[in-house]
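Dock chain B against the given chain W, drawing on the hints supplied.
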Amino acid sequence: MNMDKPVRRVAVFALLLFFGLMAQVNYVQGSEADKLRNDTNNTRSFSDVFNNPRGKITAGGEVLAWSTPTGKDNPKYGRNYKDGKIFAPVTGYFNGGGSKVELSYNRLLAGTDKRITHQRWFDQFIGKKPEGGNVDLSIDPAAQRIAYEQLVNGTSRRSGAAVVDIKTGAIKVLASNATFDPNEVAPQKGEAGGKRLEQLDKATSVIKPLVDNGMSQVFPPGSSFKTVTAAVGMEELNLDENSQVQSGQLTLPESGQPLPNSHDGGSCAGTASLKGAFAESCNTTFGKMALDLGIDKLNAGAAKFGFGQNVAVEPLMKAAKSEVPVSVADLATGKTIMTGKDATARSGIGQENVRATPLQMAMVAEAVANGGKIMRPYVVQRATAKDQSEVYKASPQVFSQAMKPDTASQLRDMMRAVVSEGTAKNLSGDNIAGKTGTAEQGAGIPNARWFVGFGPIEHPRYAFAVVSEGDGDGAHGAGPIAAAIMRAVMKK
Amino acid sequence: MHALGEQIKAQIPYQRRNAASLALLVFAMVLTLAAFAEVGLARDGSIPAGLFGYGGGLVVLALIAYVAQLRFAPFADPLLLPLAVALNGLGLAMIYRLDLDTSHDRKVAELAGKKVIKDAADAPGQLMWTFVGIALFVAAIAIMRDTSKPDAKLSFTPKTAQRYTYLIGLGAIILLMLPIVPGIGAEINGARVWINVGGFSVQPGEFAKLMLVAFFAGYLVNKRQAMSLIGKKIGPISLPRARDLGPVMVIWLLCLGVLFMQKDLGTALLYFGLFVSMLYIATQRVSWVVIGVGLLALAVFVVTLLPFMAHVNQRIDIWQNPRPYFDGGCLMSNGKVVPVNPNTDIYKQAKVTLLAKAQQQEAAGQKALAAQTRMVGAGWWACTKMGGEYSDSAQLMKGMFALGQGGVLGTGLGQGKPWQTPLSFSDFIFDSMGEELGLTGLMTLLLMYALIVQRGMKTAVAARDPFLKLFAGGVSFVLALQVFVIVGGVTKLIPLTGLTTPFLSQGGSSLMANWILIAILVRMSHDARKPAPQAIQDEGMTQIVSLR
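If you're matching them up, the sequences are chains W and B in order. Following the numbering used here from start to finish, the first sequence increments by one per residue and tops out at 492. Following the numbering used here from start to finish, the second sequence increments by one per residue and tops out at 548.
Chain W extracted, bound-state conformation (with noise of 0.2 angstroms):
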């Protein structure tokens, strides 16, 4: 009996073990490979990001961020921030890890990104270094650095502004008053630097230097909410500028107590135009809207404008989640409680739960200013690979159609007399136009002061929102600093 046979069978199945081998391999190495590159658990990407400059940083012109040799072994390359408290919202710090536009663009940066390599194949073939890629910012640096030392001066708890380009997304500002240097912990600080991070990360006090109050804290937006419950209100109940509507006295239905106005003259003494009680900030108003419109509507309305998701601005820079919740958890319990009718009055005034980033404020404001269209906001505008050539460059994309245009318009009318006969008067003569804002924080805590619109009055070009947090009302405690920020943003 001859065995060849089974033995070139046996030879055959040999071969197809080693093709199976063979198959692994060229999935892993091939097309898992940038996976793996990736995964959160491989520190690779961390040890090798000091050896190799990173690429620069910059906005309008002026380097932000950029690297320079240590002279040393480890890390071979610093990390350097100009004006590093005033620009850390946006660019983020570094230091192996990273966050907002150094995180995002982390691979960019460090010249490993696919779209840098693919131009570079030969001088990766030969093993040449990478070379890091530039970031250039949509902030206009000016009005960042005054929107800075506005919010500094403004308060001595929190404070926050964003400005955004209402026809491309492009966010202008990005200021925060809670903020750090990211100089503090660059790799050239070595474990100093750690040691820093760390202590800004465990920061218990209310202000935590980590979180930016431009887009990654929530407040609760107060009055200036009543530009999303008027938006809402006007398309589902039917209403304009000039309906008349109550504006008195409005009782709560669960609990049979009022719901207060800041002031019960004026528009706010029993009917008013919606327009009226729109610029006085009648509580009442938007208070029985939120009721006729049931706490589904609202909340389903808020969506349309960014509310309940993290706002995506770059890859892995999402705001923090606004929300007009529908129901809460009660931490204490771990039991869901149901938003009712009485609470479903106060988040149509931007009270109860409901909560803001001033980000997601500029947003609503920018739908007011531009027909009813938001446009997803971005910080980056470009990306340059060494030899400026480019490899990225930011196209505007519609985030969403938060109302009809024709509401808009008649929002815009609205928030212009915000300014000309309402809360804001102070701000007549700014070219801006808004709605203000002061939500009460609970017994102790400084009001959250807003003030959040757009400008040029008549052609708008900007959306802003400002919060601060004091005593005082939005109009005087975040009016002025909005106006200062528009003035050096709207120079251009």
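Treat the hints with care, as some may be off.
Covered stretches of chain W, as calculated for chain B (at least 3 residues, CB under 8 angstroms) [to be verified]:
id	stretch
1	4-13
2	19-31
3	35-41
From the derived model, a few chain W residues whose C-beta atoms are all more than 12 angstroms from chain B [unchecked claim]:
id	residue
4	L16
5	R44
6	E149
7	G270
8	K297
9	E390
In case anyone wonders, no lab produced these hints; they're calculated from the structure. Beta carbons: idealized from backbone N, C-alpha and C, even for Gly.
Showing chain B alone in chain W's frame:
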């Protein structure tokens, strides 16, 4: 009878291929030397001293092996020796690269009197074992003479093994059992496959593997007629007699023993796969394969159901889903995995609790107990408390990261970070190769293994004696299976088990056993390929046949 001589000659067109062998060997040497030069240039910025010590050493050894082959087995397959040298050389270069004790920085630091921790990768040791391995190769082909003269004095041929089939089988089983014996057996890196002999750790399994092949070949040559012809036919499958099934069951039980004692699925798979394939070669009956594979599947299935064998289950679970196990994961009885890596609250809490316990013990004066408590891994401790099985996939995942880093072309020798993977120089050397040589390098390595296996199979086909056919087929297949189990393990094709990567892994036992394996194949290929005895006189009644 002239015609017959011609006929035999025409059937065997083999010639001496020594020139080809030498040319390939030179290429293998150039490859190795270039690898050493690259390591030095990339790591230390200069041609390394090791190029002459290690590379040169290997060149001399390879040339000695070549001369021995030329002298004792001139008709041998020309590919086997160069392939083995190239694999051995590349492995040596990688271990040299991973052994930071050989780096320039280290030497400077050492000269400056600084304390340096010895690296676990051991290039000088590997060079020494390479020397021993090649010496064994030379000795083996010198001692193992032509199979055609089995009765000459002091001659030992592969065929001799047939006479001592059962003795060899017994020896193999004893070798396999040795690591379990207390006293001489040693557990290294969690695997109980080592014994201590005179200060060296030896893995007897590596040698037992070859002996098992010889035993199977001897046994099956005797029994194959009965096993292949007699039996009941049920449908398309003909079942063997119960008495022929007996030995199969013995081997099956043996593999189960390995599975239970060493909790090592890969080794069990290796031995059993080897046996089934040889059974198939001997009997040509698919029913044997079906029975064999069915039995093993049954055994594995039963094992995964047993609670005290959760380890095997976990290996399979890690293979399917390694992420939650990174730096420690806990497999609960309901099949869920709770991560207990140092970033988790569970770990941190356990750490605090353990520290408090240790301090308490210290305060109570129980120093030894406290030291023990301090050694306990917080993740493991927390997991055991929760009633789960602790395991860690960091090694496998780091190996995969190394492969990912390498990509298609690799970082280049000396330019990656393969040392981040634990055991990057032994179990995971294939992944280290993948990082620095890339997909291109790994495909080449796999092709080299495949070539050795196929040349071995070719030798089996060419062999004239049934025992030698089985023997050659068996050793070739066991090599293929071993590469499959370990390489498949470290590339996540199959669950990971700790086997050595032939010729690449650091370790003396593996190198010696594999060089003997190559020697056996070289010897058999010489026998198979050399021209048949030829009649030197084709007239008259009496034939004088040259046996030379």
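Each hint tested on the structure:
1. For the stretch 4-13 of chain W, the stated coverage by chain B holds: 9 residues have a C-beta nearer than 8 angstroms to a C-beta of that chain, and at least 3 were required.
2. Judged by the Cβ-Cβ criterion of 8 angstroms, the stretch 19-31 of chain W is covered by chain B as claimed, because 9 of its residues qualify and three suffice.
3. Counting residues of the stretch 35-41 of chain W whose CB lies closer than 8 angstroms to any CB of chain B gives 5, which reaches the minimum of 3, so the coverage claim holds.
4. The Cβ of L16(W) does not lie farther than 12 angstroms from every Cβ of chain B; its closest approach is about 10 angstroms, which violates its non-interface assignment.
5. Its beta-carbon lying about 5 angstroms from the closest one in chain B, R44(W) breaks the requirement of being farther than 12 angstroms from that chain.
6. E149(W), annotated as away from the interface, keeps every beta carbon of chain B farther than 12 angstroms; the closest lies near 39 angstroms.
7. For G270(W), the shortest C-beta to C-beta distance to chain B comes to about 57 angstroms, beyond the 12 angstroms cut-off, and the non-interface label holds.
8. The Cβ of K297(W) sits about 40 angstroms from the closest Cβ of chain B, beyond the 12 angstroms cut-off, so the non-interface label holds.
9. Every C-beta of chain B lies more than 12 angstroms from that of E390(W), the closest at about 26 angstroms, which supports listing it as non-interface.
When the structure is compared with the earlier hints, violations turn up for hints 4, 5 and for no others.
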